[in-house]
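Novice: Each chain is listed here by its residues.
There are 2 protein chains.
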Amino acid sequence: MGLQRGVCVIGAGMTRFHHKIHKDKSGRELFVEAALEAMESVDKGIERKDIQALFVGYFTPSLYEHQGHIGPLVTDWMGLTPITGWRTETACASSIAAFMTGVLAIASGWYDVVMVGGVEKMTALPTEGVTDALSVAADDDYEIPAGATFPGLYALLAQAYFKKYNMTWEDLQAIPIKNHHNGALNPKAQFQEEIMDIAKRIGQREGVTFKDPLDFLKSKYNRVIAWPLRLFDCCPISDGAAVAILAAEDVAKKFTDTPIRVAGIGFGTDTLALHDRISLTSFASAVFASRQAYKMAGIEPKDVDVVEVHDCFSIAEVIATEDLGLFERGEGLKAAVEGRTALDGDRPVNPSGGLKCKGHPVGATGAAMIHELWKQLRGEAGKRQIPDAEIGLAHNVGGTGASCGVVILRR
Amino acid sequence: MGLQRGVCVIGAGMTRFHHKIHKDKSGRELFVEAALEAMESVDKGIERKDIQALFVGYFTPSLYEHQGHIGPLVTDWMGLTPITGWRTETACASSIAAFMTGVLAIASGWYDVVMVGGVEKMTALPTEGVTDALSVAADDDYEIPAGATFPGLYALLAQAYFKKYNMTWEDLQAIPIKNHHNGALNPKAQFQEEIMDIAKRIGQREGVTFKDPLDFLKSKYNRVIAWPLRLFDCCPISDGAAVAILAAEDVAKKFTDTPIRVAGIGFGTDTLALHDRISLTSFASAVFASRQAYKMAGIEPKDVDVVEVHDCFSIAEVIATEDLGLFERGEGLKAAVEGRTALDGDRPVNPSGGLKCKGHPVGATGAAMIHELWKQLRGEAGKRQIPDAEIGLAHNVGGTGASCGVVILRR
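Sequence lines, in order, name chains X and Y.
Numbered continuously in this note's numbering, the first sequence closes out at residue 411.
Numbered continuously in this note's numbering, the second sequence closes out at residue 822.
If you're looking for bench data, these hints aren't it; they were derived computationally from the structure.
Quantities reported herein were computed from a predicted structural model and do not represent experimental measurements.
It is possible that some hints are incorrect.
[Said to hold, decoys possible] Covered stretches of chain X (in silico footprint by chain Y; criterion: 3 or more residues with CB under 8 Å from a CB of chain Y, positions within the stretch not fixed): (1) 83 to 93; (2) 393 to 406.
[Said to hold, decoys possible] Beyond 10 Å from chain X on every Cβ pair, some chain Y residues (computed): (3) Lys-431; (4) Asp-454; (5) Gly-614; (6) Thr-620; (7) Phe-621; (8) Lys-622; (9) Asp-626; (10) Lys-631; (11) Val-635; (12) Leu-642; (13) Lys-665; (14) Pro-712; (15) Gly-750; (16) Gly-793; (17) Arg-821.
[Unchecked claim] Here are some of the chain X residues that sit facing chain Y, going by a computed Cβ distance under 10 Å: (18) Lys-20; (19) Asp-24; (20) Gly-71; (21) Met-100; (22) Ile-106.
Using N, Cα and C, we set each Cβ at its ideal position, and we do this for glycine too.
Bound-form chain X, shown alone:
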């Protein structure tokens, strides 16, 4: 069913995502940094008194910062109390749920202007603590006791895809190579370096020469994490926050002459545990969410100009592009190998560099996708701009697809 009232994005901001530079900042401080940038991005200006509610995604604050109650924590730190605010959680899709809560708060008529966003302060724990914190997105009764970790679970998906469609790990490297190219053009990205530049840097240090990116990716410097996935198939551990400001269509013109409309939303769920799934090469949650969003927007997959998908692992981007209907089943990886998902391809995917290069502070990722689409649809994405992008889609997955939110924005 359609929404009763139009909703627009009128501003967006984000911290740079990074594993080092934010070490001294807490989650609340990161959120405020992104929120202030979002407020500054509003063309005609916005004041605190204009903001009527604040919804925030943060996956596991009680494990990272021994802190819950994140809703009032950030309304307070933003100087916005006593306005409405609470936290949404659905693992790695936590901030797309915050975004949707904001959309509903406006579409329902409750509020006119709402701030939404997400944050995760992952470096507060050592790497093994992060792996443990992430594991609560899987099924702790039935999956984790079997020794599963997320790299291991996504490795199973990669194996299933390779076998079903007769593709290889070498083919899969098209994803990180492309995303490193895009990330190198994104000043907010955690890694802003082409893979070949990384190969040259490491080669110089080690006295080795790599003849091309794949030569480097096949070397011992790209170590196996969970077979067949290697280090460059995995997104990094990151700190960061991203925020968007939403307004009812009928009040948006007060804030900007170029609001970006929320054309469609969709959100689906699936079993937490992979072993309960019918398919290991598709996420039913993503299929459900995207069909719902396309229907609300009144468009088809071919109408989308720019797509940000949840590439927590390289194989996830491939599954995403097929679940979204951008490519036929079994054609997603071929399309990436052929360059069709590159910035200058006919179906550009992850111009931001994706989770792989932009980084993946879990609770902030959905909001960061919105930030990228907002930049792209306003023609402000600099060297990674998709020319004349009018329709953008964000695809934000929780866990191994137990939840997925899809948002379609339109210029």
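Given the coordinates of chain X, assemble chain Y onto it according to the supplied hints.
Specialist: Relative to the frame of chain X, chain Y by itself:
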């Protein structure tokens, strides 16, 4: 602003809240138990296929059950995938936020029928672990390092109230005495025993005679927890779940001839840390939330027939009744002492027995308040029924009032 579309409660269910009987059940199992009861409560029947989304409150699952991603966890366990669903968190008010998300999902036009609820599996940890888990509702950077725990923080509020209004701990005992009376009439309550019956039971065991409830409450058997609060001033640790089913007003008649309308909602925030507050005898979040809800409902405090408030500690009930405008400032405790908040008083408060006797599985509490109001407004509350109750109000607080949600229901 008003909502664009009317929303009704068409069903409600809850597990008994308890500290022992659910030991072998996980959070997901408790949720399903309450959800199935809610489905069975729908007068004309409801099927799984009718339910289009599920929003769930659970405060700290990652600490209690090493489990996150609770949204899809419960849609899966209810056999409802791939429908929309995520978790809301705002400490002890987590499930009132889930309720409001459901209201917005319907009022916005997104969905027609939505399940909402909450759960907390607290006995998964020993008592010191529970105290630690609860502490993440306070400010971990500024409050917890000073040694604060929730009993201690509420004890400060009690001291401030006693001093400001010249009242005593003995006066305050009107709250637990009343709530134990009500709880004894509630088959879902954790404690179903009058305080005098408890006093007789303990007196027999110990060879002591107590002449009245206060005589017992002043004895060593009611030990000090955080001065001046004693054991019977504090709600217990509980396992439990509660669920409500919402439907758009225009489809509700398909499910029941006596839908209970959502007349108003409000949600406010405040600083996490008590030391940042202007007042220690009022929660600004609750004042904001209740005024917002009254305005949406088009009513005044005097119009409310039955009230469920967040009495996590006895003093909290007093502050709540004043914040809601049921009594003037400084008059709330006097009113309780005079019996005005008793079942047969002019302003009945917590007919369910409140958090003190019904129990307080944190994430389930807001939804359990909705369950009680639904029973009361349909005239199905048995021996604790408020005669001819037409308007009910739920007041659900997070932490020491850093968040508060208020819902007004109308027959």
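Novice: Now tell me if each hint is right for this structure.
Specialist: Okay, the hints, checked on the actual structure:
Counting residues of the segment 83 to 93 of chain X whose beta-carbon sits less than 8 Å from any beta-carbon of chain Y gives 10, enough to reach three: the coverage restraint holds. With 4 residues having a beta carbon nearer than 8 Å to a beta carbon of chain Y, the segment 393 to 406 of chain X meets the requirement of three or more and the stated coverage holds. Chain X leaves Lys-431 (chain Y) outside its interface by the beta-carbon criterion, the shortest separation being 21 Å against a cut-off of 10 Å. Non-interface call for Asp-454 (chain Y) relative to chain X: holds, since the shortest CB-CB distance, roughly 24 Å, exceeds 10 Å.
Every beta carbon of chain X lies more than 10 Å from that of Gly-614 (chain Y), the smallest distance being close to 41 Å; the non-interface claim holds. Against chain X, the non-interface label of Thr-620 (chain Y) holds: every CB pair exceeds 10 Å, the least being about 45 Å. The non-interface label for Phe-621 (chain Y) is consistent with chain X: the shortest C-beta to C-beta separation is roughly 39 Å, beyond 10 Å. With 10 Å as the threshold on Cβ separation, the claim that Lys-622 (chain Y) sits away from chain X holds: the shortest Cβ distance comes to roughly 43 Å.
Every CB of chain X lies more than 10 Å from the CB of Asp-626 (chain Y), the least distance being 39 Å, so the non-interface label holds. At roughly 35 Å from the closest C-beta of chain X, the C-beta of Lys-631 (chain Y) stays outside 10 Å, upholding its exclusion from the interface. Residue placement check: Val-635 (chain Y) keeps its beta carbon more than 10 Å from all beta carbons of chain X (closest about 27 Å). Residue placement check: Leu-642 (chain Y) keeps its beta carbon more than 10 Å from all beta carbons of chain X (closest about 25 Å).
Distance check on Lys-665 (chain Y): its Cβ is at least 16 Å (rounded) from any Cβ of chain X, clearing the 10 Å threshold; non-interface status holds. Non-interface status of Pro-712 (chain Y) relative to chain X is upheld: no Cβ of that chain comes within 10 Å, the nearest being about 18 Å off. In this structure Gly-750 (chain Y) is separated from chain X by more than 10 Å, as the shortest Cβ-Cβ distance comes to about 33 Å. Chain X leaves Gly-793 (chain Y) outside its interface by the beta-carbon criterion, the shortest separation being 33 Å against a cut-off of 10 Å.
With a minimum CB-CB distance of about 18 Å to chain X, Arg-821 (chain Y) clears the 10 Å threshold, and the non-interface call stands. Given the 10 Å rule on beta carbons, the hint for Lys-20 (chain X) is violated: about 21 Å separates it from the nearest Cβ of chain Y. With 10 Å as the threshold, the beta carbon of Asp-24 (chain X) stays out of range of chain Y, its nearest partner Cβ sitting at about 13 Å, so the hint is violated. Because the beta carbon of Gly-71 (chain X) sits about 5 Å from the nearest beta carbon in chain Y, less than 10 Å, this interface hint is met.
Hint status for Met-100 (chain X): holds, given a least beta-carbon distance of 8 Å to chain Y, under 10 Å. The restraint placing Ile-106 (chain X) at the interface with chain Y holds, with a minimum CB-CB distance near 8 Å, inside the 10 Å limit.
Checked against the numbered hints above, the structure breaks hints 18 and 19 and satisfies the rest.
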